[in-house]
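We have chain A already, so just place chain B on it with the hints.
If you're matching them up, the sequences are chains A and B in order. Residue 1 is where the first sequence starts when you use my numbering, and the numbers rise one by one after that. Residue 255 is where the second sequence starts when you use my numbering, and the numbers rise one by one after that.
Treat the hints as calculated values from the structure; they're not laboratory data. You may find that some hints are simply not true.
[Claimed, not checked] Straight-line Cα separation of at most 35 angstroms, DSBU-like style, residue types lysine-lysine; simulated pairs:
| # | chain 1 | residue 1 | chain 2 | residue 2 |
| --- | --- | --- | --- | --- |
| 1 | A | Lys75 | A | Lys61 |
| 2 | B | Lys335 | A | Lys61 |
| 3 | A | Lys65 | B | Lys325 |
| 4 | B | Lys367 | B | Lys283 |
| 5 | B | Lys368 | A | Lys70 |
| 6 | A | Lys61 | B | Lys386 |
| 7 | B | Lys368 | A | Lys169 |
| 8 | A | Lys70 | B | Lys457 |
| 9 | B | Lys325 | A | Lys68 |
| 10 | B | Lys386 | A | Lys238 |
| 11 | A | Lys74 | A | Lys202 |
| 12 | B | Lys390 | A | Lys70 |
| 13 | B | Lys390 | A | Lys234 |
| 14 | B | Lys367 | B | Lys335 |
| 15 | B | Lys367 | A | Lys68 |
| 16 | B | Lys335 | B | Lys361 |
[Claimed, not checked] Reference listing, derived: stretches of chain B covered by chain A, where coverage requires no fewer than 3 residues with Cβ under 8 angstroms from a Cβ of chain A:
| # | stretch |
| --- | --- |
| 17 | 334-341 |
| 18 | 406-419 |
| 19 | 422-431 |
[What the hints assert, rightly or not] One-sided excerpt, in silico: chain A residues whose CB lies under 7 angstroms from chain B:
| # | residue |
| --- | --- |
| 20 | Ile107 |
| 21 | Gly108 |
| 22 | Glu146 |
| 23 | Ala147 |
| 24 | Pro165 |
The C-beta atom is built at its ideal place from N, Cα and C for all residues, glycine as well.
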Amino acid sequence: MPDRPLSNMVLMSSIEKIVYLFQHYGLLFLQGLGVTLLLAVVGTGVGLILGLLLSLVRNLKATPKDGKLKRIGKKVASFLAMCYIELFRGTPMMVQALIIYFGGKMIGIPWTYLSCGLFVISINTTAYMAEIVRSGVNSIDVGQLEAARSLGMTQTQTMFHVVFPQALKNSIPTIGNEFIINIKDSSVLNVITVSELFMAAKIASSATYMFIEAYLIIALIYLTLTIVFSQILKRVEKHLNAPFVVKLSHERTA
Amino acid sequence: MEQVIKIENLSKFFGEVCVLRDINLTVNKGEVVCIIGSSGGGKSTLLRCINLLETPTSGVIYIDGSNIMDKNVNVDQLRTKTGMVFQQFNLFNHLNVLDNCTLAQLKVLKTEKKLATAVAAANLTKVGMADKLGYKINQLSGGQKQRVAIARALCMNPDVLLFDEPTSALDPEMVDEVLNVIKKLAEEGMTMVIVTHEMSFAKNVATKIVFIDNGVAEFTGSPSEVFGDHGNARLKEFIK
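Chain A on its own, in the form it takes in the complex (with noise of 0.2 angstroms):
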């Protein structure tokens, strides 16, 4: 299709207009994709790593053997761990982002849009995954710590060799789930203007008043990398919980 000018625009059908805008922007359309999918994976990638270790914090109980001190800073600590947890995600992501990105900015911290973008989307899975870890860790038997601390293993020890494994294999699933929420969450980091795809579409609206096409051909992305990871995940989850079959070969039947 020869180039029109801008001019005649109104007289292209949607089709040609969205041939037009993949011409014209189809490079601004990959790069936004490339953001968004790094700042769902180091959202997600960042928030878990966090994410386990407030939840940490937030299960800290005191025991009889400790101190006065050591008691008084467990109780604040798991306070101050909820208290994140409550307000990351008691607040729309948007508004985090802006009060974080020009708070930092008052203060001096000298980040891009991109790195902030990915500082608040980062900070924000944790909230969420602290829970999700939580609730995984509480579906652990306690028999299973038991048996840890019984052969002397500490209390850490205990939580990394033993409960948190199996607490994360057990979710798996809703961890796959909020790194898919953050492939489509991400677009509101464009309010400080962090160039994903959402952005993208903007740009290319704005500049050629193509909307509906702009905005179809994005929801078309984020429509496949969803439905793509979320068939990804059904596999992982269906090849983790599959029976595990050892072959010795004394044991193989003709």
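Relative to the frame of chain A, chain B by itself:
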């Protein structure tokens, strides 16, 4: 005779409820002490106090001569000396049979991997599970699980093994394979404290039997004393 465990005036309250009252018990090296009594009587709580899975309310417990109620005692180190076998096996579900037996060796005793594997294999052979090293836990029967659990505890080279109703969660036909392993350990001179409802097993294997009723050690004696002629009506009622 060398005392492995010495319990003096042990009491345990859960809130207002008294679960154990004034328990005194000595376990010598090589002894097999069976704790019997009706359910809810405090048998398991007594056992769990010995490795501090439960914190006693009052009283003193000595393991190998050192007071474990002392605030400065390293509980984790103590627990490597007191292996425990649970009613529900509590094997680590995410690890295979071999790794169940090596994990604590590697992380707690800091044993070299090669040696830990050798120790695990030796103990698994002892309980007759040497051909199942690579198996996942959910591929095992109850009796096999409990035998792996015993091997796992043995791998820490404990001074005493604590059994909390080791056969109560098993199908009847699997009880014997576990009891036979315990018998074998007794013959090898392993010091053991066993909470059990298997009366004939207690009669045959125990060197000492403690009858606990409503949190009180009602009667302590050799199997012949416990199953013989004595004046304790409550015990007679229980073993009838």
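Quick rundown of the hints versus the structure:
1. A:Lys75 to A:Lys61: It holds: about 7 angstroms lies between the C-alpha atoms, which stays within 35 angstroms.
2. B:Lys335 to A:Lys61: 26 angstroms, holds
3. A:Lys65 to B:Lys325: Measuring from Cα to Cα gives roughly 7 angstroms; hence the hint holds.
4. B:Lys367 to B:Lys283: 30 angstroms, holds
5. B:Lys368 to A:Lys70: Distance ~39 angstroms between lysine 368 (chain B) and lysine 70 (chain A) Cα, so the pair is violated.
6. A:Lys61 to B:Lys386: 39 angstroms, violated
7. B:Lys368 to A:Lys169: Roughly 28 angstroms between the alpha carbons, so the hint for lysine 368 (chain B) and lysine 169 (chain A) holds.
8. A:Lys70 to B:Lys457: 48 angstroms, violated
9. B:Lys325 to A:Lys68: 14 angstroms, holds
10. B:Lys386 to A:Lys238: 25 angstroms, holds
11. A:Lys74 to A:Lys202: This hinted pair is violated, its Cα atoms lying about 47 angstroms apart.
12. B:Lys390 to A:Lys70: 40 angstroms, violated
13. B:Lys390 to A:Lys234: 23 angstroms, holds
14. B:Lys367 to B:Lys335: Between lysine 367 (chain B) and lysine 335 (chain B) the Cα gap is close to 21 angstroms, so the pair holds against 35 angstroms.
15. B:Lys367 to A:Lys68: 40 angstroms, violated
16. B:Lys335 to B:Lys361: 15 angstroms, holds
17. 334-341: Satisfied; 5 residues make the cut.
18. 406-419: With 3 residues close enough to chain A, the hint holds.
19. 422-431: violated (count 0)
20. Ile107: 42 angstroms, violated
21. Gly108: 44 angstroms, violated
22. Glu146: 6 angstroms, holds
23. Ala147: 4 angstroms, holds
24. Pro165: OK, holds: proline 165 (chain A) within 7 angstroms of chain B, min 5 angstroms.
Going down the numbered hints, you'll see the structure goes against 5, 6, 8, 11, 12, 15, 19, 20, 21, while the others check out.
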